[in-house]
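Please build the complex by placing chain U on the supplied structure of chain Z, with the hints as guidance.
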Amino acid sequence: MEYIGEHLWAGQLGNLFVIISFVAALLSTYSYLRSAKEKEEHKDSWRDLGRLGFRIHSIGVIGAVGMLFFMLMNNYFEYHYIWQHSSKSLPLRYVFSAFWEGQEGSFILWSFWHVILGNLLIRSAKNWESTVMTVFTSVQIFLTSMILGVVIFDYKLGSNPFTILLREHPEFQNIPLFSSANYLEKLDGRGLNPLLQNYWMTIHPPTLFLGFASTLVPFAYAIAGLWKRDYQGWIKPVLPWTIFGVMILGIGILMGGAWAYEALSFGGFWAWDPVENASLVPWITFVGALHVMHVQKTRGNAAPTTFAMTIFTFILVLYSTFLTRSGILGESSVHAFTDLGMYGHLLSYLMFFFALGLTMFFINLKKFPKAEDDAFSSREFWMFVGTLVLALSAIHITIMTSKPVINLLFGTKMALDIGAQERFDIYHSFQIPVVIVITCMIAFTQFLKYKKSDGKAIFRKLTISSLSALIITGVFVFAFDYANPYYILMLFSAMFAITGNIEYLVRILKGNINKAGSSIAHIGFALIMLGALLSTSKSIVISENSSSIDLESLGDIKNNENILLYQNDTVKLENYYVTFIGKRKEGVNIFYDVEYMKKVDGDYITEFSLSPRIQLNPRMGNVAEPDTRHFLYKDIYTHVTYADLSMPKDTDPEKYGELATREMKVGESFFTSNFKYQLDSVFVNNKVSIDSLNDSTRIEVIAQFSVIDKIGNISKASPMYVIENIDAGKVLSMPHELEEAGVILSLNKIIPSENKYEISVREKNSVKKDFMVMKAIQFPMINILWIGCLLFMAGCIIAMINRMQANK
Amino acid sequence: MKKTHVIAIVIIAVAIGLITVSLGNASTYGNFAEAFDNPDSKIQVVGYFNKEKELVYEPEVDPNLMSFYMTDKEGKECKVVLNQSKPQDFERSEEIVLKGKAVGEEFHATDMLMKCPSKYNDGNQKVYTD
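Protein chains in written order, with this note's numbering: chain Z, 1 to 808; chain U, 1001 to 1130.
Chain Z with its partners taken away, still in its complex shape (with noise of 0.2 Å):
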């Protein structure tokens, strides 16, 4: 069949760039690994050849980021991968987030960034140019084959966006819609995830992909520094990098933290996701690795460690990505990927760059230098327990969230803790010491010198700083109220952290800026600390449990985070008086305002208001989007948890509304959302002795209601039912309207059987209030953590620049 108005030019031609791309990565590293042989002619020649393959490659991956952009806009939903993520309605400033939503965006997104950096590398490597560039263009061959999409043998290899029709995809190729030419015309996208469709996720993924794209040059210069058996020269071009990627792989995550905060309805920033874990950890070994380099830059005798540690985080990012994109990870986490069935794909990339690795670093082993015992009081000494510190905190990390993959290997059946409080048991438990010993580590250990250094003199230089640092730990401690003694410790190091460098900024670098740039990012490190520590663990949930239903009696579990406001009824939460206000439809998004009011005087005055919203999305289903209130202090977060969704019509508050009619039995009660409705008794009101029962008998069966209301006024109200005339069956219901109350209760049917009454309600529109169930969680401090995230990145801007001007 014909079919009217496929643009199959856009996906040819995109599937050209994506060729063109893979192919020229072959050309380009082998050329390059020529250029590299010792005994190769020419060498020179051979070099610019893989130039040439990596410019060609470049064209291909940029040209297949922009047709993938141009299909996205111009909504071709022909394409399995457009209609997947996009949608008519979708508006413009989300194309970015519905571009890397899937996998083959983002490895495109990936590529993309390693032919910047690979651009980059090529001017400035110089006569490392040919070996590192030889290990950087393999990756890309990787890379570019996970969106080829080509059958090789009846294995697919990789997952093509161009090349993937909707009415050729497996799932849907027997829908009646593809019988017709000219099924566009009706054809609208599936749309973006609505938890997507948030700015943070304009600008988290990127900068978490070039995060992970930056471990990839000091791999490079690793694997080149063990082939040509020269472990120093690699350090120098490679620490500018390394702060680089330090720096945007940290702001990546954070980034991340920043969305869950504002998105998400879980209520912090860290929840141990397995996701989150897996791009924290090649982040951990980086900066480990760092720390390695300037011991290998100025003594030499740290080969081994810097190595290991270089090559672990890349293989850490492979790793990270193998666990979210293959679906090993199954159900245990929200943020995975869904499964493209290219588990052994990706498999093989991990594999054969941690074989490569282990096997240029082994082929080594006994070559580096011998080197001395470090001095106890030597900075390199310190750096070193840091550094293993470090790897450990990251091998802690990398096994709880490999729990699927052990069950894989050993058939065990370890579950993935879905509970919040469990993973912060596993995680804190063991990542809280951590902190403590490595934020101790970064307030003394700039003191000392590399080599040898005078203990005593240290101990009087810190005086300042850590009597300091006691004092204002004193005041948290005092004003927060902690007991925990990890949490006081971790208080004090971090504290220790931020007045070390400062005293180290003054007094050592009197105030160079150009020096300063390890000073600066430790204290953001450490307020970063600080922040998530006072935030997490002082956090409040004020929206306490006003049920009247009793907690105890369901044993040990026991929540009762979530609070039920009633329309205009105020409740106090922790400080505040909090009313919900009402609900307001915006397009897809209802409101739910809610004010939060302070009682001075006797009257209730508005501090502010928030409007946590619901997203309606019929097609990839509701999603609650919290309101969080920021102060310079704390801040205020509110989530709408349950809601009735409908929106209510014009109706005349003096009517009575619908019917509810339900069974019970004597004793038991049940819930409107304005009353409580008791079943007291029954009792038959018969003047009448069986014997002279005759046509007129009467009976009447009165039904005693207490109805209470949600202050605890009682009303009485008895409906009955009254058998006229038993033998003509005529009976009929006397219902008993309450009129201050607006309510309406009658007596319908008695089921003699079940030893049940049928009942009903009628409730005034007036007395019909609406409700939402919602949580409140206050969060002080916070701001302590993102000012740490500034000065973080200030700080990584600093040495970095500091490092490539040495480097000139």
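Just to be clear, a hint being listed does not mean it is correct.
Below, simulated SDA-like cross-link-like pairs (lysine to any residue); rule was C-alpha separation at most 25 Å, straight line [stated by the list, open to error]:
(1) U:Lys1073 with Z:Gly587
(2) U:Lys1003 with Z:Thr672
(3) Z:Lys716 with Z:Val666
(4) Z:Lys769 with Z:Arg584
(5) Z:Lys710 with U:Asn1038
(6) U:Lys1099 with Z:Gly411
(7) Z:Lys585 with Z:Ser265
(8) Z:Lys236 with Z:Asp154
(9) U:Lys1042 with Z:Asp425
(10) Z:Lys598 with Z:Tyr577
(11) Z:Lys585 with Z:Trp200
(12) Z:Lys413 with U:Glu1058
(13) Z:Lys756 with U:Lys1076
(14) U:Lys1099 with Z:Ile540
(15) Z:Lys764 with Z:Arg662
(16) Z:Lys452 with U:Val1010
(17) Z:Lys413 with U:Tyr1048
(18) U:Lys1003 with Z:Gln232
(19) Z:Lys808 with Z:Gly300
(20) U:Lys1042 with Z:Phe410
(21) Z:Lys413 with U:Asn1038
(22) Z:Lys756 with U:Glu1054
(23) U:Lys1076 with Z:Gly419
(24) Z:Lys449 with U:Lys1076
(25) Z:Lys370 with U:Lys1073
(26) Z:Lys756 with Z:Thr672
Hints are computed from structural coordinates only; laboratory data are not their basis.
Leaving out everything else, chain U in the frame of chain Z:
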């Protein structure tokens, strides 16, 4: 032996010990039958929400309590009492993971994770037209 090596070995030994302990404490995946055999241990059960049977969530009574029926992967059905508010679009969930333990005839869960079409997963594939 060098000082650094001694310290390295000590730190690594302690870490291995700690990691082994926390791995040993990890909760396990299981099914309802196992949960009822070991009523004291917390277990994670994967299964499907039974859409035919009664789902009770009455925020007026308790906003933090819902109950429903779930069928585990072995096909055993059990009443679940979850100490949480009802998540958005619970009815649309395809697969759910519960964490909790058996109490009497019921499974009392403290945490729940849903795999919905609303997550990154594609879920039920439908082609939409205007």
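So, going through the hints one by one against the coordinates:
1. Distance check on the hinted pair: Lys1073 of chain U and Gly587 of chain Z sit about 40 Å apart at the alpha-carbon level, beyond 25 Å; violated.
2. As the CA atoms of Lys1003 of chain U and Thr672 of chain Z are separated by approximately 72 Å, the hinted pair breaks the 25 Å bound.
3. Taken as a hint, the Lys716 of chain Z and Val666 of chain Z pair is honoured in the structure, with Cα atoms around 15 Å apart against an allowance of 25 Å.
4. Restraint check for Lys769 of chain Z and Arg584 of chain Z: satisfied, since their Cα atoms lie roughly 15 Å apart, inside the 25 Å limit.
5. Of the pairs offered as hints, the one joining Lys710 of chain Z and Asn1038 of chain U is violated, with about 41 Å between alpha carbons and a cut-off of 25 Å exceeded.
6. For the hint pairing Lys1099 of chain U with Gly411 of chain Z, the CA-to-CA distance comes to about 21 Å; that is within 25 Å, so the pair holds.
7. Only pairs whose Cα atoms come within 25 Å are accepted, and Lys585 of chain Z paired with Ser265 of chain Z is accepted, the gap being roughly 20 Å.
8. Of the pairs offered as hints, the one joining Lys236 of chain Z and Asp154 of chain Z is violated, with about 47 Å between alpha carbons and a cut-off of 25 Å exceeded.
9. Taken as a hint, the Lys1042 of chain U and Asp425 of chain Z pair is honoured in the structure, with Cα atoms around 15 Å apart against an allowance of 25 Å.
10. For a cut-off of 25 Å, the pair hint linking Lys598 of chain Z to Tyr577 of chain Z stands: about 6 Å separates their Cα positions.
11. At most 25 Å may separate the alpha-carbon atoms for a hinted pair to count; Lys585 of chain Z and Trp200 of chain Z meet this at roughly 24 Å.
12. A threshold of 25 Å between alpha carbons decides the hint, and for Lys413 of chain Z with Glu1058 of chain U the separation of about 35 Å lies outside it, so the pair is violated.
13. Of the pairs offered as hints, the one joining Lys756 of chain Z and Lys1076 of chain U is violated, with about 32 Å between alpha carbons and a cut-off of 25 Å exceeded.
14. A distance of roughly 24 Å separates the Cα atoms of Lys1099 of chain U and Ile540 of chain Z; the hinted pair therefore holds under the 25 Å criterion.
15. In summary, the hint linking Lys764 of chain Z to Arg662 of chain Z is supported, as the alpha carbons are separated by about 18 Å, within the 25 Å threshold.
16. The straight-line distance between the Cα atoms of Lys452 of chain Z and Val1010 of chain U is roughly 23 Å, inside the 25 Å bound, and the hint therefore holds.
17. Between Lys413 of chain Z and Tyr1048 of chain U, the direct Cα distance comes to roughly 19 Å. Compliance with the 25 Å bound is thereby established for this hinted pair.
18. For a cut-off of 25 Å, the pair hint linking Lys1003 of chain U to Gln232 of chain Z stands: about 24 Å separates their Cα positions.
19. Only pairs whose Cα atoms come within 25 Å are accepted, and Lys808 of chain Z paired with Gly300 of chain Z is accepted, the gap being roughly 21 Å.
20. Distance hint between Lys1042 of chain U and Phe410 of chain Z is fulfilled; the C-alpha atoms sit about 22 Å from each other, no more than 25 Å.
21. About 16 Å separates the Cα atoms of Lys413 of chain Z and Asn1038 of chain U, which keeps this hinted pair within 25 Å; it holds.
22. Our distance criterion of 25 Å between C-alpha atoms is met by Lys756 of chain Z and Glu1054 of chain U, whose separation comes to about 20 Å.
23. Taking the CA atoms of Lys1076 of chain U and Gly419 of chain Z, the gap is near 23 Å; set against the 25 Å cutoff, the hint holds.
24. A distance of roughly 66 Å separates the Cα atoms of Lys449 of chain Z and Lys1076 of chain U; the hinted pair therefore is violated under the 25 Å criterion.
25. Restraint check for Lys370 of chain Z and Lys1073 of chain U: the C-alpha separation of about 58 Å exceeds 25 Å, so the hint is violated.
26. A threshold of 25 Å between alpha carbons decides the hint, and for Lys756 of chain Z with Thr672 of chain Z the separation of about 20 Å falls inside it, so the pair holds.
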